Amino acid sequence: MDTKWLLDFVALAEERHFSRAAARRHVTQPAFGRRIQALEAAVGTPLVERGTSPVTLTGAGRQFHALARGLLAQLDEGLELVRGEENALETPIRVAAPHALASRLLLDLLQAGAGGCRTAVEVMRVDEAAEALLDGRIDFVLGFDVMALMAPPYRHLALGDGHFLLVSAPGSAGKPCFDPRVSSVPYLRYSADAYGARLIARHNADAGLQLAPVFETSMCQLLAEMALRGQGVAWLPDALIEHELAAGRLAAVAPGILRIPYQVRLYRSPARQGEAAERMWASLEARLAGNWRLLAPWRAQLADADPA
Numbered sequence: 001m002d003t004k005w006l007l008d009f010v011a012l013a014e015e016r017h018f019s020r021a022a023a024r025r026h027v028t029q030p031a032f033g034r035r036i037q038a039l040e041a042a043v044g045t046p047l048v049e050r051g052t053s054p055v056t057l058t059g060a061g062r063q064f065h066a067l068a069r070g071l072l073a074q075l076d077e078g079l080e081l082v083r084g085e086e087n088a089l090e091t092p093i094r095v096a097a098p099h100a101l102a103s104r105l106l107l108d109l110l111q112a113g114a115g116g117c118r119t120a121v122e123v124m125r126v127d128e129a130a131e132a133l134l135d136g137r138i139d140f141v142l143g144f145d146v147m148a149l150m151a152p153p154y155r156h157l158a159l160g161d162g163h164f165l166l167v168s169a170p171g172s173a174g175k176p177c178f179d180p181r182v183s184s185v186p187y188l189r190y191s192a193d194a195y196g197a198r199l200i201a202r203h204n205a206d207a208g209l210q211l212a213p214v215f216e217t218s219m220c221q222l223l224a225e226m227a228l229r230g231q232g233v234a235w236l237p238d239a240l241i242e243h244e245l246a247a248g249r250l251a252a253v254a255p256g257i258l259r260i261p262y263q264v265r266l267y268r269s270p271a272r273q274g275e276a277a278e279r280m281w282a283s284l285e286a287r288l289a290g291n292w293r294l295l296a297p298w299r300a301q302l303a304d305a306d307p308a
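According to the working numbering, the sequence shown holds residues 1 to 308 in order.
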């Protein structure tokens, strides 16, 4: 198998057009097509769906794309080591996370696992992150329960769990200034396509609450900022607002009752990653085996049912 075939295939997977990929690789389109066919013959299975525009990869093609990127990254690292270059092993660990987890939690993860290695972080929607992982454009996805990635051949580490809590700015005596169990209150809600909206719907968490929507977004951080400004109540993951809860800048409404469990996982493809990414995965596996957790539920008030 020729290394240039791997470079050709990665270019095709990224460009999604034979003509653009051929131009990027500085070869004619017929020659480029023959090289892709030679690669498929060497692999022993079709990697590209013919007749689609833009080009799409087969299931095997998606897996091979991740493998090809990993092999090329390892080759680059090895060549840098042989040459004695100072930046050897500097291929960054590529991590994607949704807005809800692109916070202190993500930084804590990188500090615990990356060991000072270069990292590149992409903030994207969960479905986009899953697609990027499937395509081999990133090494890891930090996310909630991503069903498409929880089944083999993909692998994941359970990093910890927590709760979405219904919170508002505090009123008198530190209690929430809004209580939708008692009267209608302004509701800061997720867009319908956001993970938070799907989670709330799955648990029917809004049932019995008097909520009047006044603001909508897919971004947890904006909901948190609106809640901090006293604009209403919002369901927010405790990992995002832990410090605000501890400082009394946000107050949870009946946290012993109004809470939705979630888990945070780190996902990866089955293909071997670059050396730095593999070390990070192994380091996190070892820490988890020793009962380390990246996060745990915010428990300061969970025993208090906070009756109206």
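No lab work stands behind these hints, which were simulated from the structure alone. This structure is a prediction, so every number in the text was calculated from the model and none was measured. Heads up, some of the hints might be wrong.
To be verified - The list that follows gives simulated cross-link-like pairs (lysine to any residue, SDA-like), each with its CA atoms no further than 20 Å apart:
id: 1; residue 1: 175; residue 2: 132
id: 2; residue 1: 175; residue 2: 209
id: 3; residue 1: 175; residue 2: 158
Said to hold, decoys possible - Taking CB as the label site, the calculated pair distances span:
id: 4; residue 1: 53; residue 2: 291; range: 23 to 31 Å
id: 5; residue 1: 53; residue 2: 123; range: 38 to 46 Å
id: 6; residue 1: 257; residue 2: 197; range: 17 to 25 Å
id: 7; residue 1: 212; residue 2: 51; range: 47 to 55 Å
id: 8; residue 1: 151; residue 2: 58; range: 30 to 38 Å
id: 9; residue 1: 26; residue 2: 192; range: 30 to 38 Å
id: 10; residue 1: 243; residue 2: 51; range: 34 to 42 Å
id: 11; residue 1: 202; residue 2: 41; range: 16 to 24 Å
id: 12; residue 1: 51; residue 2: 288; range: 39 to 47 Å
id: 13; residue 1: 37; residue 2: 282; range: 36 to 44 Å
id: 14; residue 1: 116; residue 2: 171; range: 43 to 51 Å
Don't be surprised by glycine CBs; every beta carbon is placed ideally from N, CA and C.
(request) For residue 202 and residue 41, compare the CB-CB distance with the range 16 to 24 Å and indicate the outcome. (result) Taking Cβ atoms as reference, residue 202 and residue 41 lie about 46 Å apart, which means the hint is violated.
(message) Does the beta carbon distance between residue 53 and residue 291 stay inside 23 to 31 Å, or does it fall outside?
(response) About 51 Å separates the Cβ atoms of residue 53 and residue 291, which means 23 to 31 Å is violated.
(message) Please verify whether residue 175 and residue 132 have alpha carbons no more than 20 Å apart.
(response) Status violated; Cα separation ~43 Å.
(message) Quick check: does the Cβ-Cβ distance between residue 37 and residue 282 fall within 36 to 44 Å?
(response) 37 Å, holds
(request) Note whether the CB distance of residue 212 and residue 51 lies within 47 to 55 Å or breaks it. (result) The hinted range 47 to 55 Å holds for residue 212 and residue 51, with Cβ atoms some 51 Å apart.
(request) Compare the distance between the alpha carbons of residue 175 and residue 158 with 20 Å, and conclude whether the hinted pair is satisfied. (result) Answer violated: residue 175 to residue 158 is near 33 Å, above 20 Å.
(request) Confirm or reject the claim that residue 51 and residue 288 have a C-beta distance inside 39 to 47 Å. (result) 45 Å, holds
(request) For the pair supplied as a hint, residue 175 and residue 209, confirm whether the alpha-carbon distance does not exceed 20 Å. (result) 18 Å, holds
(request) Look at the Cβ atoms of residue 116 and residue 171 and judge whether their distance stays inside 43 to 51 Å. (result) 45 Å, holds
(message) Quick check on a hinted range of 30 to 38 Å for residue 26 and residue 192, using CB atoms only.
(response) Violated, since residue 26 and residue 192 (Cβ atoms, about 45 Å apart) do not stay within the stated range.
(message) For the hint 34 to 42 Å, verify it against the beta carbon of residue 243 and that of residue 51.
(response) 54 Å, violated
(message) Within 30 to 38 Å: is that where the Cβ-Cβ distance between residue 151 and residue 58 falls?
(response) 18 Å, violated
The structure is inconsistent with the numbered hints 1, 3, 4, 5, 8, 9, 10, 11, although it conforms to all the rest.
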